[in-house]
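Participant: Here's the letter readout for the chains.
Number of protein chains: 4
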Amino acid sequence: MPMIQVSVLGSTGYGGIELVRLLTSHPKVKIYKLMSHSYAGKSLSDVYPNFIAHEDICLSELDIDDIADNSQLVFTSLPHGASSKIIPLLYEKGVRIVDLSGDFRYISAKIFEKWYGYKHPRPELLQESTYGLPELHKEDIKKAQLVGNPGCYPTSAILTLAPLIANQLIDPTSIIIDAKSGATGAGRATSVGLNFCEVDGNIKAYNVSTHRHTSEIEQELGLLAGRDIKLSFTPHLLPIKRGILSTIYASLLKSLSFNDIYTLYTKFYKDAPFVSLYLEGKLPEIKYVRGSNQCHIGFALDSRTNRIILVSAIDNLVKGAGGQAIQNMNIMFGLDETMGLPQLGWYL
Amino acid sequence: MPMIQVSVLGSTGYGGIELVRLLTSHPKVKIYKLMSHSYAGKSLSDVYPNFIAHEDICLSELDIDDIADNSQLVFTSLPHGASSKIIPLLYEKGVRIVDLSGDFRYISAKIFEKWYGYKHPRPELLQESTYGLPELHKEDIKKAQLVGNPGCYPTSAILTLAPLIANQLIDPTSIIIDAKSGATGAGRATSVGLNFCEVDGNIKAYNVSTHRHTSEIEQELGLLAGRDIKLSFTPHLLPIKRGILSTIYASLLKSLSFNDIYTLYTKFYKDAPFVSLYLEGKLPEIKYVRGSNQCHIGFALDSRTNRIILVSAIDNLVKGAGGQAIQNMNIMFGLDETMGLPQLGWYL
Amino acid sequence: MPMIQVSVLGSTGYGGIELVRLLTSHPKVKIYKLMSHSYAGKSLSDVYPNFIAHEDICLSELDIDDIADNSQLVFTSLPHGASSKIIPLLYEKGVRIVDLSGDFRYISAKIFEKWYGYKHPRPELLQESTYGLPELHKEDIKKAQLVGNPGCYPTSAILTLAPLIANQLIDPTSIIIDAKSGATGAGRATSVGLNFCEVDGNIKAYNVSTHRHTSEIEQELGLLAGRDIKLSFTPHLLPIKRGILSTIYASLLKSLSFNDIYTLYTKFYKDAPFVSLYLEGKLPEIKYVRGSNQCHIGFALDSRTNRIILVSAIDNLVKGAGGQAIQNMNIMFGLDETMGLPQLGWYL
Amino acid sequence: MPMIQVSVLGSTGYGGIELVRLLTSHPKVKIYKLMSHSYAGKSLSDVYPNFIAHEDICLSELDIDDIADNSQLVFTSLPHGASSKIIPLLYEKGVRIVDLSGDFRYISAKIFEKWYGYKHPRPELLQESTYGLPELHKEDIKKAQLVGNPGCYPTSAILTLAPLIANQLIDPTSIIIDAKSGATGAGRATSVGLNFCEVDGNIKAYNVSTHRHTSEIEQELGLLAGRDIKLSFTPHLLPIKRGILSTIYASLLKSLSFNDIYTLYTKFYKDAPFVSLYLEGKLPEIKYVRGSNQCHIGFALDSRTNRIILVSAIDNLVKGAGGQAIQNMNIMFGLDETMGLPQLGWYL
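Residue numbers (this note's numbering), protein chains in the order written: chain A, 345 to 692; chain B, 345 to 692; chain C, 345 to 692; chain D, 345 to 692.
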């Protein structure tokens, strides 16, 4: 099979550069162009010296015609708002796209606009785009031209809750997602609040009850439940670079043993090579998944309160962004879903 | 007023040494003896070189008669189980005691035994001891001979929830406490899991639904509510040294505005110099309280889910341990409650 | 003795806010005004919520006449270049000043200009200013109107080398200072390079052989040596907030035992309450001094290479900035040199 | 070409597990057995849950005959002292060995014994072993049965200095190596000093002028120089997990431009795919190499002091341990030297 020629828009943000790093070791990918508005004309290793042994990689300005003509797939790693301006131009030229922003993750333009605070410039394209969570939408992804790659927090939350929701085992109004993320989630922006001295030794909650990812989680769980869901989601900023740990609480609708639920998850994820379940008494930690495309899920049952407490861990830059984008690409091009993607977290 | 002569048992653990650090700058305290089983005979600065300018401080073996005769107050910073063996000996000699372990925090020996897993050696002393949370029990503390200094997590959780529970504004069965703590909370033990390389860059949940502090929180909130309370409490280990951030979820029993609740808290804590409330739109972070004896509390209302989400921050070594112990001492000896205690977090 | 009324210019940078934090617990200081160009009009606790219990403190715009009339001492914590514009105005009004920038640390305008890259606007004032390292210049500081508070790296390097240089025991051409600093040293600026994700898990050398502090160290050691000194100084950025560790190498000019040198240091620093020496086999670490105004010094002799290797630790925000500024104030106003200054590092 | 069957002794230390992680993605390696004295009988994922998707990997007790019969190469990642007891047994059975301890890195038993403090049990084997730094000894490694894999610090220091020493451009008596390492360098031991709370926010120098790696660096540079070399080497413990940054000082013997030296290095390392040089004005940082097998080298010239200051960065677990061990294996078995080894640091 020939190589897939790809280009990346927004390749020098943290999400973009991690995607590029993973693409460079994918056996079936040839990078056509890396674009960066801020650093166009520079060598990639000027911006990220870890690429010093790849001196030949350069950063370009965007030329829609050129990249549409020469790329089978374009990854867009731009801020929301910027994506929805450029993607329609690529879409009309027939190129396939995986967008890492929030702009094409929604079914309902109304919900998008409520949570993002501005009108969607091309609401009709939302009907054409597919939510790129392979564990739930693999068949649609295969034939999609435009994939909205899921947010980092939603990836973690949806994968953890999907089997329970799909099987109507928990009360949807009881769901509370307390999520903790590394600082790469905020991107490579400069702001006082992201300074080392402000983040190190600290943790903070932010956007309490108002974070946009709430609506993305509610959309996908609502689809599985067959009804509207409203839940509580609280993100926290951790003094680490990578990873999301989500601690999730829900009330059980019937009495279930650990093994009942474990079996249910195993069945639900039998074709999901990137989801791993923990045995009783064990729970995921970020270090187990950092650097990998895995989502690790564990849980405990609390008979005193009739709650299930689930803990899941992903690397926000891999399964929560660039790794999942490549997983989507693999599916779109008929490759093995796991190709070129790390299964093994770094631990250290 | 003359100086209060105090001794510290278990002075070289992380809780103990922070207590000693704070005691050295208390204007009305004279340290009689610091005891350390592991380092008796050494100079304190051999173990903690930050004390190099206090070369004269030495560490001793425990001599019950000697310290009882020469101390007006003994702080015991020993592991639970060890405290309850030694404290009765001191108690019978009439010395006043602030115990930092879990051994004398409970009203019910039965509940203690259920959560700690062994019989309390002197259950009758539980009737004599006072739970040392000054914001709730100041009058009892004034005249107590034996104070059970609260746990770090319970200090944070109880102070945050007390006004709502006391005023019956939330459904107690809905309470979920998702707490995140720095690694000093685990003490100066050596175990692989506390190694720098295991903790840095990581976060983990532990003792999910089984942590002992659950019962301590339930006891105190139950007293305020006038009924038994069962809640969910999940502790997490953060890659930081000091501080606890608690994110707390509860369902409101009636419709209340931010200002209603803010006013309620202000009134509830009008005599509490170490509790600070945040205005709407702001939330505590650990860096704001680190190094201080403050408990910072903020909250947001989510009308979509009818929940209140509260966030509180303390320094687990100060308000969550040694600082609160000194606050108790101040109250026991009729001093200003704030004497010798830092009001101002370090931030950096 | 009455309170000293002080004002702080540039109070919301990292250096400024730490100075303010220390001033608030000084028993003989009353803060008149805190100025902040960026946040004038706001409450200090809006910018630094650790000050929430001091809600009444407000930030002002600079009004030279007002602060000169109402302050006995003004601390200027402004960037170099900005200080030398404002200080002459204050100086002419007769107010005493401790400047934390590099603008008034030099004897020679020529050397200043070579290393700072621009003409000094008021070179004649350099003759009036005193280098505020109390361990070397206490008598001059007592009567100074204008004190140039030393840089953080120079404080650490000069105190560590002074006894050897003053006694001509090392070859000045052999001196190499390899210094490692926490990120607060870079101030509260926003730049990609200071983002948490760029600093955490990393260390880098910067300004190799060109850092301005080189010239400050050379000036002071040159004065002690009675000859020009040229040395190598390499700063590094550590993934920590506070503290400088300097590892210093020099060739011994004669054979000396550990005790010979230890005795020499003890004598040299007999009146220096903030310098502590380590016994043989022990060396300072940053955690021993963090939060204190101490400079800890230790050393080892290497007979194989005939070198002495010295290690010193300070808190760059305290002894390296605001703490030393207060120490200078104490001396200028005839107070005990240690008043209001922490002697005891936090360790945790 | 068939797969190389390998076994690993000491596979659950930090060095061992990183080697295993890298081996699992090597296209020409089949792991026969992983041995672990502490965890024999357990699944690898019980000890390192990042291996949860490789549930089938088990840990065994050592059976010399079995592994010698079934492995073409054995990696020994044991403490020094332990290696030299077991390796002779394997050696006599003809199996090829890469030893990651210090036991087989030396030419002279006398020097080994001076720095390690005990008699080498099999000094005659030192004549049979090869120092496994491929950039200097590739031809010997090709045919070696026993390779002593270099220490982490020596890898960094020797690669950085070799071209200057081999070309006699610096004064060997002037060499000072100030090295900073992440905490994985200390292994997975438990000791108070390696606790998160002791390491975080701190840096310390240790084993000043007495660290064993000094002798390893001196041996290899001495070979290149054709004379004995004595140098100063100071290791520091950083609050990071991975990586070594070495800042190296030396006096130039003649006047050389940046380009002269850059050209010299380029030529010296023209066949070294894992050494990268930095252009003028740029210097390596740990984040650029973390996760890769690269050694990045940069330098600055200081005409004021006639010194060259070099900075190099490696990942101590990869180029400083397991990655280099695999590089040696590749050479020993005639594979491409870079096979299965990451060229691209993680940055984030």
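Simulated from the structure, these hints should not be mistaken for lab results. Hints may contain errors.
The list makes no distinction among identical chains, and a pair is therefore deemed to hold if it is satisfied within one copy or across any two copies.
What the hints assert, rightly or not - In silico EDC-like pairs for lysine to aspartate or glutamate, Cα to Cα no more than 20 Å straight-line:
hint: 1; residue 1: K372; residue 2: D615
hint: 2; residue 1: K454; residue 2: E468
hint: 3; residue 1: K626; residue 2: D407
hint: 4; residue 1: K429; residue 2: D409
hint: 5; residue 1: K487; residue 2: D572
hint: 6; residue 1: K429; residue 2: E457
hint: 7; residue 1: K574; residue 2: D515
hint: 8; residue 1: K598; residue 2: D400
hint: 9; residue 1: K626; residue 2: D400
hint: 10; residue 1: K626; residue 2: D390
hint: 11; residue 1: K458; residue 2: D646
hint: 12; residue 1: K386; residue 2: E405
Participant: Checked against the structure, which of the hints given earlier come out wrong?
Facilitator: The structure conflicts with hints 1, 3, 5 and 8, although it agrees with all the remaining ones.
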